[in-house]
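Following the hints, position chain B against chain A.
Number of protein chains: 2
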Amino acid sequence: MAHVSDLVNTRPNISMTAELLAAERLNSTFDLVQMGLFINGEKWCQLRQQALEIIQADPDIFDMTQSYYMNREEQLDMILKTEKRMAELLITKQISHDVALAMTYLLDASGPFRLHRSMFIPTLERQANEEQKKAFLLPARNYEIIGCYAQTEIGHGSNVRGLETTATFIEESDQFEINSPTLTSTKWWIGSLGIAATHACVMAQLIVKQKNIGVYPVIVPIRDPITFKPLPNVNVGDIGPKMGFTTVDNGFVNFQKVRVPRFNVLQRYISISRTGIVTRPENIDPRVTYSTMVFVRAGIVNTMGRELAKAVTIATRYTAVRKQGGEIGNETPVLNYDIVQFRLIPLVAKTFAMLGMSHEFYSQYERCKQNIDSGDFSMLKEMHAVSCALKKWCSDTAVYGIDTCRHLCGGHGFSIFSGLNSAFNNIYPNIIWEGDNFVLAQQTAKYIIKAAKSYLETNSISTNDPTSLILSLYNPNNKNVPWKSISASEMVQNHNLILELLACRFSYFAYDLTLKIHYQNQSWNNSTIAVQVLSTLYSEYMICMYFKRHIDKLQVTSSIYPPIAQLFKITALSFLTRNTGELYTMGEDYALNYKFINQLHDQYQITIKNCRSIIVPLVDSLGIPDEKLNSSLGRYDGKVYEDYMTRASNEPLNRPGTGSKIRSDFYYKYISNILSPNKTPSKL
Amino acid sequence: MAHVSDLVNTRPNISMTAELLAAERLNSTFDLVQMGLFINGEKWCQLRQQALEIIQADPDIFDMTQSYYMNREEQLDMILKTEKRMAELLITKQISHDVALAMTYLLDASGPFRLHRSMFIPTLERQANEEQKKAFLLPARNYEIIGCYAQTEIGHGSNVRGLETTATFIEESDQFEINSPTLTSTKWWIGSLGIAATHACVMAQLIVKQKNIGVYPVIVPIRDPITFKPLPNVNVGDIGPKMGFTTVDNGFVNFQKVRVPRFNVLQRYISISRTGIVTRPENIDPRVTYSTMVFVRAGIVNTMGRELAKAVTIATRYTAVRKQGGEIGNETPVLNYDIVQFRLIPLVAKTFAMLGMSHEFYSQYERCKQNIDSGDFSMLKEMHAVSCALKKWCSDTAVYGIDTCRHLCGGHGFSIFSGLNSAFNNIYPNIIWEGDNFVLAQQTAKYIIKAAKSYLETNSISTNDPTSLILSLYNPNNKNVPWKSISASEMVQNHNLILELLACRFSYFAYDLTLKIHYQNQSWNNSTIAVQVLSTLYSEYMICMYFKRHIDKLQVTSSIYPPIAQLFKITALSFLTRNTGELYTMGEDYALNYKFINQLHDQYQITIKNCRSIIVPLVDSLGIPDEKLNSSLGRYDGKVYEDYMTRASNEPLNRPGTGSKIRSDFYYKYISNILSPNKTPSKL
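These protein sequences, in sequence, are chains A and B. Its first residue numbered 1, the first sequence is counted upward by one per residue in UniProt numbering. Its first residue numbered 1, the second sequence is counted upward by one per residue in UniProt numbering.
Isolated chain A (complex conformation):
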């Protein structure tokens, strides 16, 4: 067979995709570099650039374009090669931990050392005492041991108290005996365990003198670091193929009465004496762990923005050059159709909202952390509630946003070369881990309802966090809303008023549900649906509030102010028009009638259309490099079909050598004897 990439050069490309994309860029009205720095933050822009230079300098190790053709074993080999190189760079201090994270982001694939860095080391930092840090943390940082964090069991997910693995104190030998008493107690989903780990930080029920002390971390050796064989009575393996995360070695482990020294129980929050006396240090506030959870969720929020940025970049660039319909021979780019704009542009706006909001949410977290360090925990509960809501909203929006981008690319979105399928698969678990999104909504709602009840009972607020402030302002007696005397078209010109409407809508539903639960005997179980809605309304307010806070730092005369103001408006209006049943329910009391609501719809559509001309420059300003996109459809240079054809020609079924061998095998085994059962086919 002629090698198909030859074909690319024998055919003219009259679709002019590169030229079309270049023309879109002429429409820019703003400074792209300034926008990139403003929305991504200077620090991230620098890290990403540093990481990109390392990757580009060493394509033999870091080029990921071939990964799309590989089976799992080959992908693992590829990623381990990068992991080894990154570990060397880290050990020799040629790169920082932050650069390593940026490299992982750009490679768009996590490997078997990921959880060693992101979970094992941080757990030791937080929960080991000084002696244990010397014994475990230092070797971990030098990659003399590789660890994983083994909490989840095959039969136990979010309910940590229900874990079945035990660690029983054996006083005679001064040891703990780790045991997996049942099938369902098998540790499962543990990243870095399937292939890489020499050690596991095992979360187990601590049993001392027949008494259950609670769930605590124990460091358990898993594999011999010299032979790499599993240690005796440790059954360990990889959990098998997954939807995404192909290159992560999620593993399982089951212990048959494995003994470790008492020393291996991490002792910052608990300590067990030689004779089995359990003590807990007095200066430790258990609420500190909440603060860690807030931080982890803030990280997810930020990551979701960066991953959605990849998807909207691909979909925007491809819809700008993909022609369909209109005059034959002069077809229209699909981005000119309303139905494409209406699905794509709000997602671009939400990407900016996620990234922009995230800076302010981190700042708020920092303030909260400083207060905690000085003994003031007053901000913590609200931060926890907001972080749950934002984690849910951002992960839902990013996962299903990537899906929308895939659909926007038409059939080609279904090709692996779109870059959107691995993106969808890899970020999908964010809707489940660190608290399933449906469960998180309940946690958020519990906090809100408690705060609303407190206001109803005391007519005052106890803290001045954002939630309490709006619950106080839009209490059930205040129907004097500031948009009463103006039209919706006028209202949306004012960011403050948009935010007020979101706040008012949230408060209305918060009090409505609080009254039902606390004064009308509606059970919590019967409030399930309302609880999910409440969390959404809360997130929508918080996203806009923090995003606006970021925008308000800009001079209105800056070239980037007008486009970002449009994106704010689109985000807010998408929230307000999402399910107008909510506004109708509030009704005339709040000046929300058919006319007003209809104008919101109109303004939404108008603002989307206004952004059409600068949407390509907007995604360009996000600055996602081609290495991260790894996409025929989203290439910066717009050479979509040339690249697509080249990638197809590299498919193993087509490559000279491999291709003819595979085809020949298939033909002789399964096809020739069907086609001509009575003939002996000649050799290929």
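For the record, the hints were derived by calculation from the structure and aren't laboratory data. Heads up, a few of these hints could be off.
A pair counts as met if it fits within one copy or between any two copies, since identical chains are not told apart.
Said to hold, decoys possible - Cross-link-like lysine-lysine pairs, in silico, PhoX-like; alpha carbons within 20 Å at most:
hint, residue 1, residue 2
1, Lys134, Lys84
2, Lys229, Lys209
3, Lys639, Lys450
4, Lys229, Lys257
5, Lys516, Lys453
6, Lys93, Lys81
7, Lys450, Lys84
8, Lys229, Lys669
9, Lys516, Lys450
10, Lys516, Lys595
11, Lys211, Lys93
12, Lys84, Lys669
13, Lys381, Lys446
14, Lys229, Lys661
15, Lys669, Lys81
16, Lys211, Lys257
17, Lys450, Lys381
18, Lys661, Lys81
Chain B in isolation, oriented as in the chain A frame:
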């Protein structure tokens, strides 16, 4: 490493998943076999059973449990083995075409001969003349040639008129010359082309004497059936990895002036004489092709129900046995939580609605077809509009319903062994092919608005199809709705009234949009969002109308009537409460106020809860065999974790032999030199 499946036997399973599932089955209130026959249809139940017996009798060929570990080449090998066997059974008439379809359904994977059967042969049946049938159709049926249907080009999807491939008449040699003039004219996505096809049915612009005649099918030989090498000037290959459809050989082909005899242009709808005179038979009505499209979409509707049935079976069974939260040591199956019921049970209801409705929609199609055969096309346009709407609704609901099922299974949904990931990936393209869902909504809306306009102008209807009837009944002057004097709780007791409300809601929006477009100068492009909503409202009415028609065939005394009536109610109420902004917009004129709408919400929740106790028997009655489920989580016997552990132990990384080899390679290449850079590690 100890082989991990040993572990299964060394640990007690105290989670009692099998016992829990068995206990759920004791709650059944109805005859499962009768329900299965009623909802699936007797014919399908028989075909499925026949197919199942063939598959079970020959596990060496048809066992698909190993497919989850395979790379693409291995999966192709596996599926070609089944294809070969199926072709032999077909050729020797041991099975019918319908049984082959049922086998493909149960194997849950399509292979390289699929499009030969589903597109190449049907196109020949419809578009070849008698002589051509002898030349192409007979050999195709005997698998002497294998064909594909090459329409889509890399740069041209739904816009058939825009195809660039040409077929130019060469009078001197009495041939057509097939040419791909540009890069974007490359045929792309063509199933059966990447590996299997000897022939392609190429859709090309026919050019005769410098005149473009339009797009017509031409049979072009692609590969030598003896050597299986591509023929000269035919560049053909596989398009590479995809999101799903791993075992289908979607291919590309590009022609460099390839000549075929004039005879190869399929001549049922056009004929070209030896001297290039083009004629079209007079007795052919172009509307007949619409009828084919209706039939193809009806097939998708039905398939979506059967695929969603797999997903809800898995999610229902697993949530019934997956315990989380509640008392430690006595945790609660998650199916007892409202938030799980609220996401799962409406999907079960919609599965029954899709399957049930489908029987009546087919019957309506048959009536339409009979009318067409006697020259009466009056039903066709409505059938086309309905088929577009139903294809959109059913494919959206099935694709995102499978996703919901995956999320309902928690982290384990993310494992390939859930069976839900391949299901999602494989049916995803249904939202794009046979008309992208967003485009189909526009086609539906165009028909509706035309019908509404016609009623407004004439005050009468021209046909008595269901659409015209409800547009006539709920015309803008009729606000005398039958639920005016009763509560919503009373209303939902009456299926007729529920249907009336759905009809009234649809008609209200149809007229609202018609008035805006035709009397208030709103452009079509500015109506994009409203058009999508209109199509949804229309589908929701049609689903319920046809589903009710099916249910009405039952005796109300039948044991299966009460559960199916509940499922009808849940489906309808999920539609009515989806976005209550729609009902509020209609307002007091239609007796739709806050109280009424709130009661709809309450009734929805009550009805869902009422179904909890019989939800496992309900999915059992769908009758999806374990072979199709191919899922640890959804097994009929409930032995979830045993099966999950066994499948994980078969992962190549764990298998004795392969596993130690791969691990040893990884260790020496990438891990040992990081762990101990100065040591020489001993052999594994």
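| task | Have a look at Lys211 and Lys257 and pick one of within, between, both or neither, based on CA distance no larger than 20 Å. | result | Intra 18 Å, inter 84 Å, cutoff 20 Å: intra-copy only.
| Status of Lys81 relative to Lys93 across identical chains (alpha carbons, at most 20 Å) | For Lys93 and Lys81, only the intra-copy Cα distance (18 Å) is at most 20 Å; the inter-copy one is 54 Å.
| request: Using 20 Å as the alpha carbon limit, work out where Lys516 and Lys453 are close: within a copy, between copies, both or neither. | output: within (11 Å within a copy, 46 Å between copies)
| Between copies, within a copy, both or neither: which fits Lys229 and Lys257 at Cα up to 20 Å? | Within. Shortest intra-copy distance 18 Å satisfies the 20 Å Cα cut-off; inter-copy 61 Å does not.
| field | Intra- versus inter-copy proximity for Lys381 and Lys450 (alpha-carbon distance at most 20 Å) | value | So Lys450 and Lys381 pass the 20 Å test inside one copy only (11 Å; across, 57 Å).
| Within, between, both or neither, where Lys516 and Lys595 count as close if Cα-Cα is 20 Å or less | between (30 Å within a copy, 15 Å between copies)
| said: Reference check for the pair Lys229 and Lys209, CA-CA at most 20 Å: within, between, both, or neither? | reply: So Lys229 and Lys209 fail the 20 Å test inside a copy (33 Å) and across (76 Å) alike.
| Taking 20 Å as the upper bound on the Cα-Cα distance, should Lys516 and Lys450 be classified as within, between, both, or neither? | Within one copy only: 13 Å inside, 46 Å across.
| said: When Cα atoms must be at most 20 Å apart, do Lys211 and Lys93 count as within-copy, between-copy, both, or neither? | reply: The answer is neither: 46 Å in one copy and 71 Å across copies each exceed 20 Å.
| task | First find the shortest C-alpha distance between Lys381 and Lys446 inside one copy, then the shortest across copies, and answer within, between, both or neither for a cut-off of 20 Å. | result | within (11 Å within a copy, 53 Å between copies)
| Within, between, both or neither: Lys229, Lys661 at alpha-carbon 20 Å | between (37 Å within a copy, 12 Å between copies)
| task | Pop the pair Lys661 and Lys81 into one bin, within, between, both or neither, using alpha-carbon distances up to 20 Å. | result | Classified as between; 17 Å across copies, 28 Å inside a copy.
When held up to the earlier numbered hints, the structure conflicts with 1, 2, 3, 7, 11 and fits the remainder.
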